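K.L.:
First to last, the protein sequences are chains A and B.
Counted from 1, the first sequence has number 54 at position 36 by my numbering; the numbering is strictly sequential.
Counted from 1, the second sequence has number 103 at position 100 by my numbering; the numbering is strictly sequential.
Think of the hints as simulated: they come from the structure by calculation, not from any bench.
Here the structure is a predicted model, which means the values were calculated and not measured.
Where hints are given, some of them may not hold.
[Stated by the list, open to error] Covered, in the sense of this in silico footprint (three residues per stretch, anywhere, with C-beta under 8 Å from a C-beta of chain A), are these stretches of chain B:
| id | segment |
| --- | --- |
| 1 | 28-39 |
| 2 | 77-83 |
| 3 | 283-290 |
[What the hints assert, rightly or not] In the SDA-like style, the derived pairs of lysine to any residue whose C-alpha atoms are separated by at most 20 Å in a straight line are:
| id | chain 1 | residue 1 | chain 2 | residue 2 |
| --- | --- | --- | --- | --- |
| 4 | B | 106 | A | 74 |
| 5 | B | 106 | A | 33 |
| 6 | B | 75 | A | 61 |
| 7 | B | 132 | A | 64 |
| 8 | B | 83 | A | 75 |
| 9 | B | 83 | A | 58 |
| 10 | B | 310 | B | 353 |
| 11 | B | 83 | A | 68 |
| 12 | B | 132 | A | 75 |
| 13 | B | 132 | B | 75 |
| 14 | B | 15 | A | 37 |
| 15 | B | 106 | A | 106 |
| 16 | B | 154 | B | 83 |
| 17 | B | 83 | A | 32 |
| 18 | B | 83 | A | 71 |
| 19 | B | 15 | A | 113 |
| 20 | B | 83 | A | 73 |
| 21 | B | 83 | A | 60 |
| 22 | B | 15 | A | 111 |
| 23 | B | 75 | A | 32 |
| 24 | B | 83 | A | 113 |
| 25 | B | 106 | A | 78 |
| 26 | B | 83 | A | 105 |
| 27 | B | 75 | B | 16 |
| 28 | B | 197 | B | 268 |
| 29 | B | 106 | A | 61 |
| 30 | B | 75 | A | 19 |
Ideal placement from N, C-alpha and C gives every residue a C-beta, glycine not left out.
Letter by letter, the chains look like this.
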Amino acid sequence: MVRVELPYHLRQLARVDHEVAVDVSGVVTAGAIIDALETRFPMLRGTIRDHATGQRRPFLRFFACEEDVSFAGLDAPLPEAVADGREPLTILGALAGG
Amino acid sequence: MSGVRLLVGTRKGAFILTSDGRREKWDVSAPQFGGWQFYHLKGSPVAPNRVYASQSSDWFGQTMQRSDDGGKTWETVGNKFLYDGIQGTHQWYDGTPHPWEFKRVWHLEPSLSDPDTVYAGVEDAALFKSTDGGQTWHELSHLRGHSTGSKWSPGAGGMCLHTILIDPSNHNRLYVGISAAGAFRSDDAGETWKPITKGLYSKYLPDPTSEVGHCVHRIAQHPSRPDTLFMQKHWDVMRTDDRGESWHKISGNLPTDFGFVIDVHAHEPETVFVVPIKSDSEHYPMDGKLQVFRSRSGGNEWQAMTKGLPQKDCYVNVLREAMDVDTLDECGVYFGTTGGQVYGSTDGGETWSVIVHDLPPVVSVEVQTI
Chain A
19 MVRVELPYHL RQLARVDHEV AVDVSGVVTA GAIIDALETR FPMLRGTIRD
69 HATGQRRPFL RFFACEEDVS FAGLDAPLPE AVADGREPLT ILGALAGG
Chain B
4 MSGVRLLVGT RKGAFILTSD GRREKWDVSA PQFGGWQFYH LKGSPVAPNR
54 VYASQSSDWF GQTMQRSDDG GKTWETVGNK FLYDGIQGTH QWYDGTPHPW
104 EFKRVWHLEP SLSDPDTVYA GVEDAALFKS TDGGQTWHEL SHLRGHSTGS
154 KWSPGAGGMC LHTILIDPSN HNRLYVGISA AGAFRSDDAG ETWKPITKGL
204 YSKYLPDPTS EVGHCVHRIA QHPSRPDTLF MQKHWDVMRT DDRGESWHKI
254 SGNLPTDFGF VIDVHAHEPE TVFVVPIKSD SEHYPMDGKL QVFRSRSGGN
304 EWQAMTKGLP QKDCYVNVLR EAMDVDTLDE CGVYFGTTGG QVYGSTDGGE
354 TWSVIVHDLP PVVSVEVQTI
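Modelling step: build the complete structure from the supplied sequences, incorporating the hints.
P.N.:
The following block contains the structure:
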C-alpha cells in the first residue's frame, strides 16, 4: 500500500480525517497514485489534476521523503520508500490566501 | 408553505438558514464544506429538497455538490466542465485574443420541470447543462460559438455567465447575462442565441451602443410577466417589456445607478429592489449608509428603504447573486453582504432586521419557500 497525505480541503471532500492508503500496481508514480486515489475517492477527480490539461494544479505541490518532486513529472518513479509505504506522498496546497 | 430556507454561499463555506413562516427566529447551520468558496446554491422548484451547489477553490478547482434533503447531507457530483469542440479565443483585457479557460461555476439554474436537469453558467463564459442530476455536463456551445464570441471580454471579476433565466411560460426560451459581453436570448432551448442589447449604453466602450461588450451585472424577471426583464448594468438600471428587443433606462431618482443586485417582489411585478453602490471604483454604499431602494412603479421613482439597516460607517458590498425574495403572503426580501451579514425584511422592504451578523463574505443568497 502507498500512503498519501492529503491537504485539509481534500480530506474534507473525501470524508477522511487522516492519511489514506491506496493500492498501486506497477511503477509507483505520482500519476499512478492519483489514479488510485481517484478510483477509491471519485469525489477527488479534477481537484489534483486539471480535467482539461491532466496536469497538476498550479497551487499544489508533491513532496516525497522531504523532497519536492512536483516537477519530476507525473510519470516519474517516486522514491522506493514511498513505493513500499515507509514514507507518504504528501500533497500540499500553497500556503497563501486569506 | 410554512417556512423559509435560505441557501447562503460564502467565501468560506455554505450555510443553511431556516425559519418558520413568521421569519422571526432563524436557525443557522454549521458551515458546510468550511473553507471552500460557494458561488451559488439553488434548489429545484419542483423538488425543493434537491439542492445544487457550486463549490470551488483556487487551489483545487471546481467541485459540485448535490443534496436531496435540503442541505443536510451532500453528494459530490460531476465537475467535468469541458468546452465543446474547438476552444477558440475571446478578447483579453488588453484586446488580444485569449483562449477560453474554464475557471468556475458562477450560477446554477435548475429546470422548472425536471429535478435532474440543471443549467450552469461558468467562467470563462459558457452555458452547460446536465440532465442526470449533475453527474455529467455538456456545453450548449452555440452560445459561445455566437459570431460575436471572439469579441467578448472579461469584466473586473472575470468573464462570467452569472444570470440564467428560464421563461416560465415557454421553457425553451432562455436568457443569459455575461459580464462583460452583455445579454443574450435563445428561443429554441439554446440552439441559437441573439444578443439583446438594443438600448444599452456603456460609455466606456469604443462604441457605447455596441451589440456586445456591456457589463451586465444581473437580470431579474417576475414569473407572471416573463416578457419584462429588469437589469442592473454596471452603471444604469434598465427595463425591457419585449423580451430584450429594446431596453430603456429606469434609474430615475436613484442616487447612484451603479450596483450589482436587482430583484422583483414575489406578488407585485412592478415592485423592484436594488442596492445602489457608490461607484465602480468604490464598491460600497454612498455615505456609509446601507440602503435598499424600492420602486413600486417598475422603475424611475425609487424610495430608500433604510429602517433597520446601518446608516453610518457601513462600507460593505452586495454582490450580484446575493438578493432574493420568498413567496409567502407578506413577501420576504433577503440580501447578504461582503461583511458577512444577511438581512431580511418580512414586509416587502419596509423594515429590515439582521438574520446573522458574522458569516464569511456572502456571495449568494437563494430563498426557498417550503
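K.L.:
Now look at each hint and say whether the structure bears it out.
P.N.:
Against the structure, the hints:
| no. | hint | result |
| --- | --- | --- |
| 1 | 28-39 | holds (count 4) |
| 2 | 77-83 | holds (count 3) |
| 3 | 283-290 | violated (count 0) |
| 4 | B/106 to A/74 | holds (15 Å) |
| 5 | B/106 to A/33 | violated (24 Å) |
| 6 | B/75 to A/61 | holds (18 Å) |
| 7 | B/132 to A/64 | holds (19 Å) |
| 8 | B/83 to A/75 | holds (15 Å) |
| 9 | B/83 to A/58 | holds (18 Å) |
| 10 | B/310 to B/353 | holds (7 Å) |
| 11 | B/83 to A/68 | holds (9 Å) |
| 12 | B/132 to A/75 | violated (25 Å) |
| 13 | B/132 to B/75 | violated (25 Å) |
| 14 | B/15 to A/37 | violated (24 Å) |
| 15 | B/106 to A/106 | violated (30 Å) |
| 16 | B/154 to B/83 | violated (26 Å) |
| 17 | B/83 to A/32 | holds (17 Å) |
| 18 | B/83 to A/71 | holds (12 Å) |
| 19 | B/15 to A/113 | holds (16 Å) |
| 20 | B/83 to A/73 | holds (14 Å) |
| 21 | B/83 to A/60 | holds (12 Å) |
| 22 | B/15 to A/111 | holds (16 Å) |
| 23 | B/75 to A/32 | holds (17 Å) |
| 24 | B/83 to A/113 | violated (26 Å) |
| 25 | B/106 to A/78 | holds (16 Å) |
| 26 | B/83 to A/105 | violated (32 Å) |
| 27 | B/75 to B/16 | holds (14 Å) |
| 28 | B/197 to B/268 | violated (28 Å) |
| 29 | B/106 to A/61 | holds (18 Å) |
| 30 | B/75 to A/19 | violated (34 Å) |
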